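Visitor: If you want the building blocks of each chain, they are given just below.
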Amino acid sequence: MSDEHLNLTLRIWRQDGPEDRGAFRNYQLDNVSPHMSFLEMLDVLNEQLIASSEEPVEFDHDCREGICGMCSLMINGQAHGPDRATTTCQLHMRRFNNGDTISIEPWRATAFPVVRDLVVDRSAFDRVIGSGGYVSVNTGNAPDGNAIPIPGTTQEVAMDAAACIGCGACVAACKNASAMLFVSAKVSQMAVLPQGRTERTERVLGMVAQMDKEGFGSCTNTSECEAACPAEISVEHIARLNREYARAALTAR
Amino acid sequence: MKCPTYSSWFRERRLDAVCQILRLPAVMLSQIPGIGPVVKAASTTVGQKILMAITGLLLCGFLVTHLAGNLLLYAGAKQFNHYAESLHSWGILLNVAEVGLFTLFMAHIGLACSTHAMNRQARRSQYTQKESKQEPMALPSGGASGWMFVTGVIIAFFLVVHITDMRLKKNPFIDYSPAYQNGPEAGPDEFVAVRLVLTNWTAIAYVIGLLALGIHLSHGFRSALQTLGVNHPRWNRLLEIISLLFAWTITLGFLSLVTWAAMTSGTSN
Amino acid sequence: MARVASETLKSRVPDGPIEQKWDKHRFNMKLVNPANKRKFNVIVVGTGLAGGAAAASLAELGYHVKSFCFQDSPRRAHSIAAQGGINAAKNYPNDGDSVWRLFYDTVKGGDYRAREANVHRLAQISNNIIDQCVAQGVPFAREYGGTLANRSFGGAQVSRTFYCRGQTGQQLLLGAYQALMRQSQLGKVDICARREMLELIVVDGIARGIVVRNLSTGQLESHTADAVVLCTGGYGNVFYLSTNAKGCNVTAAWRCHKEGAYFANPCFTQIHPTCIPVSGDYQSKLTLMSESLRNDGRVWVPRNAGDPRHPSEIPEGERDYFLERRYPSFGNLVPRDVASRASKERCDAGFGVGDTRLSVYLDFKHAIDRDGEDAVRKKYSNLFHMYHKITAENPYEVPMRIYPAVHYTMGGLWVDYNLMSNLPGLFVLGEANFSDHGANRLGASALMQGLSDGYFVIPYTIGDHLATSELPEIPEDHPACRKALASAQNRIDRLMSTGGKRSVDSFHRELGQIMWDKCGMARNKAGLETAISEIRDLRREFWANVRVLGRGSTLNQSIEKAGRVADFLEFGELLAMDALEREESCGGHFREEHQTDDGEARRNDNEFMHVAAWEFHGVGEDPTMHKETLNFDHVPPSTRSYK
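Residue numbers (the numbering used here), protein chains in the order written: chain V, 2 to 254; chain X, 58 to 326; chain L, 104 to 746.
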C-alpha cells in the first residue's frame, strides 16, 4: 500500500429534485489520502464545493461502519464499489489509483425514485416488511425464551438471512431491479424459525404481492445480487422463498 | 425543472401498453371457474418465474426424447424411417402432442416476454455504466444468465426455420424431391429429408440455433431448479455439474448430427 | 456561576420494598379504558430500540401513534450498530446470576450515581425482553441442543449476555422495527421518516406536539398529540468524532430543554477504550472494536518514547504493558473508563505509537502463540476483518493500534420514575434520558435499557398521564403551534441568510476539538473554564460566519447539519458547566483535581451524591441546577478498585 496521495476526476450524478432530469458533472479532487474512506473523500469534495459556493453533493450515509444500510452509490457501475462484502462507507480510497476517473451514480430502480443527487427513496422496502415481514406477537405475549428449542444450525441459517442491512444493493445491481434477495432474506429467516412458521403462508403471499406492487422486477437467477450484497446474503434464500411461495399459492385458504 | 422528452415519454407509454396486453391471458384465464386464486398467485413475478421453470423443464424433457429419436439417424435409414413412421401412425394423438408442445413453447415465450417487459418497467432509467461484481465466466452459468432473452429469441427464430425445414418441408432454398422418390402416397423419406436439410447451406441456422440452445440451457436448467426451490449447499455443486453436462450433452448431441450429415454427404445409406 | 434551586427534585419513586415497587406502582397507576385508547394520539420521536419498541407497543395497546425518524427508514436508527449483546438475569447458565445481582452490578458499575429503584425495575424487566425478542424471531445464538447461549461480557463475573454474532443491536432493532411496520400496515402507526424534530409544542405547561422539517421537501410540519415520547439517543457527536452515527444529534432533546425540560448530568460521557484511532484530519467518525478483544489482546507502548522500530522488532524488555503494570489483578480487563484513561495518560506522556502518536498497541501475538492462529480467528475473525478493511493492516501479523473514543452518553433529559420529564406529557426513553446507568454504563446494558423503557415501562406509565390530565383538543392553527413553526422557520432563515465563509463541518470539528481536549477523558477547572469561553466565541462566530448553500425547499443536508451544530454549540457549554460544577471524579467523569496519588478516580459522596438537572434560562445565561438526592439503601457505596 502506498501513502501517495491521489488526484482524481469525479463524475457525479447531480439531480436537483425528483422531477429534474439530472446530469453528470465532473469535479477535480486533488491530494486525496489513500487512508480516507470513500465517503470521507466525498466530504472533502463537499468542503471544496462549499468553499467555491457550489451546492454540495447530497448523499445518504449514517453509521459509517457498514451496518445501518443507509449509504448506497453505484461506483464505476458497481453497487458499493469494487469490493465484495463491503458497503460504500467501508470502501477506502487505497482501492483507487492516482489519475482515476470515478463515476458515481444513485441506485436506479423505478421503486427507488431519486430524491436529490445521489439520494434515493427506499421506503418501498419498509412497505414490503409491513406486508408480512414480522411475527404477530404483541408485547407481553411471549413464552419463555427457551420454551421452544431451536437447533444451533437452524439458528445459524436464520442469522445468515437476518444479517440483511436493507441497503438496496441487490436491487441496484440486479439487471431487473428485482428485490428478491431482500424479500427472500426476511421470508427465509422467518420460515426456518418455529416462531415464524405460523404465519408463513400469509407472509410470503403478502410480501411478494407488495414487492410487485412497488414495481420491483423478477428474478432471473443471475446471482448478481449475491455478489453485490455487503451482508453476503446467499441466493439460497431466494430458493427458499420460491418453495414457500409455491406451497402457499397451492394451499392458501 | 425540466420535463422528460417526448420520445422517453412515448417509450414508457409503449412499455406500459405492452405490459397491459401481456396481462390479458392471465385476466382471461382467471375467468375460468375454480382457478381464479391460483391464476392470481401464478401471475405475480414469482408465480410467472415458477411457470417459466416448469414449462422450461418440460421442454427439456421434450429435447431429451427428440434427441433420443434423432440419434437413430446413426442407426441408419431403415431404423430412422421406422421411428418416423411409427410416430406418424399415432394419427390424431400426434397432433394433440404437437399442439401441447406448441402451447408449452408459446407459454414459455409468452412468460418470457411478460417478465421481460415487467423488468424493463422496473428500471426505467438505465445506468450509464454497469459492471458485474461476479467472477467472469463463473459457474454454474458461465456468464450465460445475462443472455437468456437474447438466446431465447435466437432459439425462437431457429424454431421457425426448423419447423419450416423439417415438418413443413417448405425451405425455398432446398429441393426436397430426393425425399419423395417412393411416390406421392408413401410420404417423404424422412432420413433423406434430414440429410438434405442439414447439408444445405441453410444448416448454418442449425449451428447458430443449437449454440444458442446450449447457452440457454446451461443457465436455464439450473435456474429452473433454483426457481422451483432446489438449492441446498450439500447438493449445489453436483447440481451445477449435472446442469452443465445436461445442457452441453443435448447441444453436442444435436450438433453431432449436423457434422454427421456433412461428413456422410454424397454417400448413400 | 450556576444557581442552585432550593427545592430538590421529586423522582416520584413509589414507597415500599424495592422488589415490590414496580408491581405496586403498576397497580396504583390509572388505566385508560380500552375503548378510549384509540382517541389518544401519541408522538414518538426516534425509532431506535426505545422508540421502535415504544411506538409498536403503544399501537398494539390501541393508541394512535405517529413515529418520526430523520433517517430514510425506521430500521436505520443507530441502535443497529450495537455489537456485543444484551444482558438479562435469566441465569440459564446456572452460574449464580439473579435479578438482585444484575441490579447490584449495574448500580455499582454506574459508580453510585443512578437511581436505585429504576435500576431494579430494569433488572426485573430484563428477562421479559429476551422472551419478547425470541418470540419476534430474533435469532439469538444458541447451543447445539437448541437452548439460548450466553457469554460473559465486559468483565462481568456471570454469563448473562445474549447475543446474535456481533450484530445484536441490529437484530433487536429489526425485531422492534418489524413490530412497528406491522402496526403501520394495520393503520395504527403513521411512519414519518426523513423528518427531523425542530421544536416542542407546549400548551398550558403540557407537551402537546412537535414541529418537524420534512427533510425530503424542506416543508415544516406541526404535529399535535396527547403525549410526546422522546427516544432520540445520546449527544456523543458534540465531540464531532465518536462512534455514533453521523446523524446522531442533541437537537430534539435540546429543543425540549429550551422549552423547560431539565437536562441531567450532561458531563457523564463514556469513552470506549478500543476504537480504531484517528488517521487524518479528514476523519469523519471512529469505529469501535468490541470490548471482547481485551480478553486475549495485551495493551502496550514502547518504553522509549517515539521508538521508530516496527512493533515486532521491539524486544519484550523494551515494552510497557501499562494496564498489567498498573492493575496487576485485572490487567487488560479493567473497566472501560479506567482503560481509556490509562491509554490517554501514556499518549499524553509521549509514548503513543503510529503516525499521530495517538494510539497504543493491542497485541494478539501471545494469544496466537499460545492458542494458535485458528483459535484466535474463530473468536474474532469478523473484528479482525473489519480492522483490516479500515486500516489495511493485518492484525494477525501486526499489533492493532487502538485509542479511546466517545461512545455513549449517560446523561440526558431528567425523568421521574414514570420516565416523564418535569414537563408533563413529555416522556424520555433510552439513551436520551439520564436514568439507569449513573456515571458509567456497563457493557450490554444499553440495549437492555432501551427495550425495557420502550416495551415494558412506557406502555404502563403513559396511561397514567393520559388518564389523569386535562387534554383539550389542539387545533392545527393553535397559537402555540404557530409560534413553534415560526421559531423553526426563523432559525432556518437565519442559517440560510448568514452568508458567511465557513462550512458547518468546520465549526463542528472545531467544537469537537475543544470538547475532546478540555472536556474529554480528563477535565480540570482551568480547562473547563477555557472551554466555556471558547465555545461561546465559536458560537458567536458560527452565527456570523457560517455558510449554508442551497435552498430550504429541497433535501438539503447542509441545513440539517447546521441546525444540529447550532444546538451542539449551545449544549457543549452546558456539558462543560456541569463538568465544572461536579467537583469529583466518578465513572466517565474524571476531574484531575480529584484523584488519588496513583492517579485513580476519587468520588465525593458527601457532596455529589445527587443528580444535577439543569434548567434553561436563555442562550449564554447561567442555568439553574436542580438537585435530585440519590439514596443507596440496598447497594452501599464502595470504592471501585482494580489493583
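No lab work stands behind these hints, which were simulated from the structure alone.
The model shown is predicted, which means the values in this text are computed figures rather than measured ones.
Mixed in with the good hints there might be a few duds.
DSS-like cross-link-like pairs, simulated, lysine-lysine; straight-line CA separation at most 27 Å [claimed, not checked]:
no., chain 1, residue 1, chain 2, residue 2
1, V, K214, X, K97
2, L, K291, L, K133
3, V, K176, X, K226
4, X, K187, L, K492
5, V, K214, L, K113
6, V, K176, X, K227
7, X, K187, V, K214
Which stretches of chain V does chain L cover? Using the computed rule of at least three CB atoms under 8 Å from a CB of chain L, they are [unchecked claim]:
no., region
8, 50 to 58
9, 132 to 144
10, 154 to 162
11, 219 to 229
Glycine included, every Cβ here is placed at the ideal spot set by N, Cα and C.
Visitor: A separate judgement is required for each hint: does it hold in the structure or not?
Guide: Hint-by-hint comparison with the structure:
At most 27 Å may separate the alpha-carbon atoms for a hinted pair to count; K214 of chain V and K97 of chain X meet this at roughly 14 Å. For the hint pairing K291 of chain L with K133 of chain L, the CA-to-CA distance comes to about 23 Å; that is within 27 Å, so the pair holds. Proposed proximity of K176 of chain V and K226 of chain X is contradicted: the alpha carbons are some 40 Å apart, above 27 Å. Under the criterion of a C-alpha separation no larger than 27 Å, the hint pairing K187 of chain X with K492 of chain L is consistent with the structure, at around 24 Å.
For the hint linking K214 of chain V to K113 of chain L, the alpha-carbon distance of about 53 Å lies beyond 27 Å, and the restraint is violated. Distance check on the hinted pair: K176 of chain V and K227 of chain X sit about 40 Å apart at the alpha-carbon level, beyond 27 Å; violated. Only pairs whose Cα atoms come within 27 Å are accepted, and K187 of chain X paired with K214 of chain V is accepted, the gap being roughly 26 Å. Residues of the region 50 to 58 of chain V lying with their CB closer than 8 Å to a CB of chain L number 6, which satisfies the three-residue condition for coverage.
Restraint check on the region 132 to 144 of chain V versus chain L: 12 residues with Cβ-Cβ distances below 8 Å, three needed, restraint holds. Counting residues of the region 154 to 162 of chain V whose beta carbon lies closer than 8 Å to any beta carbon of chain L gives 4, which reaches the threshold of three, so the coverage claim holds. Coverage of the region 219 to 229 of chain V by chain L is violated in this model, with 0 residues showing a Cβ closer than 8 Å to a Cβ of that chain against a need of three.
In the structure shown, a violation is registered for the earlier hints numbered 3, 5, 6, 11, in ascending order.
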